[in-house]
Amino acid sequence: MLVSNLEVVPGKRIQKHLGLVQGSSVRAKHVGRDIMASLKNVFGGELKGYTELLQESRQEAYDRMLEQAQAAGANAVLNIRFSTSSISAGAAELFAYGTAVVME
Amino acid sequence: MLDLIVFISLLAMGYGFGRYSESKHYISIRKREKQLNAIPAIASRIPPHGNPNFDSHLVSGSVVISVDYFKRFIAGLRNIVGGRVSTYETLLDRARREAILRMKEDAQQRGAEMVFNIKLETASIHKGQRGAIGSVEVLAYGTALIPNT
Chain A
1 MLVSNLEVVP GKRIQKHLGL VQGSSVRAKH VGRDIMASLK NVFGGELKGY TELLQESRQE
61 AYDRMLEQAQ AAGANAVLNI RFSTSSISAG AAELFAYGTA VVME
Chain B
1 MLDLIVFISL LAMGYGFGRY SESKHYISIR KREKQLNAIP AIASRIPPHG NPNFDSHLVS
61 GSVVISVDYF KRFIAGLRNI VGGRVSTYET LLDRARREAI LRMKEDAQQR GAEMVFNIKL
121 ETASIHKGQR GAIGSVEVLA YGTALIPNT
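Chains as they are written, first to last, in our numbering: chain A, 1 to 104; chain B, 1 to 149.
Source of the hints: derived by calculation from the structure; they are not laboratory data.
Computed from a predicted structure; not experimentally measured.
Even for Gly, the Cβ is constructed at its ideal location relative to N, Cα and C.
A portion of the hints provided could be inaccurate.
As the list claims (entries may be wrong) - If the Cβ cut is set under 10 Å, some of the chain B residues that face chain A in the computed set are:
id, residue
1, D68
2, F116
3, L139
Isolated chain A, as found in the complex (with noise of 0.2 Å):
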């Protein structure tokens, strides 16, 4: 599966679209990383807690998004986008999304 976020590979053509493929995570925090987390908030720095737990919401909804495409019959992903957004204060949504195409 080839997985890119440019619209166009060099030198392969595509054979069929097969439209706009998504995966996406709702993820919380914890305690443990929230009371880590305020300390920070006090001096300052990296959460690497949070980056962690972000990576892995992400690498969640990505893999989602390739079973979306693989059940759809793709072998390529093309033009991904990721976004985050964070829906209540303890909780942040990854959304990945891109376009299912059949190539060469």
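Starting from the known structure of chain A, fit chain B onto it as the hints suggest.
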């Protein structure tokens, strides 16, 4: 009275530790930026040489970074008089540069020559009292060109 003491000690700790970690972070950013200068990262949507002898791979890097108590207090004061909030500017500057560096490190591990079509995504993930920014997440992603051997 006790509240005031707690407040002032929080301010002092934020100022001290915040400054220390920021200057340490900037030193490490500059050092790694020099090391990774060999891998250019550009925002162009189309690869500069349309050479089919390259594999492409999606690479990304992200960081969550928090502002300290002192800076948030200063930013709160800024909200009254208006103007540039330089304390948040350095926060976002550090976060963007760090995210791009992590993306480049990812690209380097895959043996890439350059990264193009870079997109940056910023989200404020933690809001403090009265909607003050607590921490921001920056994600950088792009397509790495890996020479096809």
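We went through each hint and held it up to the structure:
| no. | hint | result |
| --- | --- | --- |
| 1 | D68 | 3 Å, holds |
| 2 | F116 | 9 Å, holds |
| 3 | L139 | 6 Å, holds |
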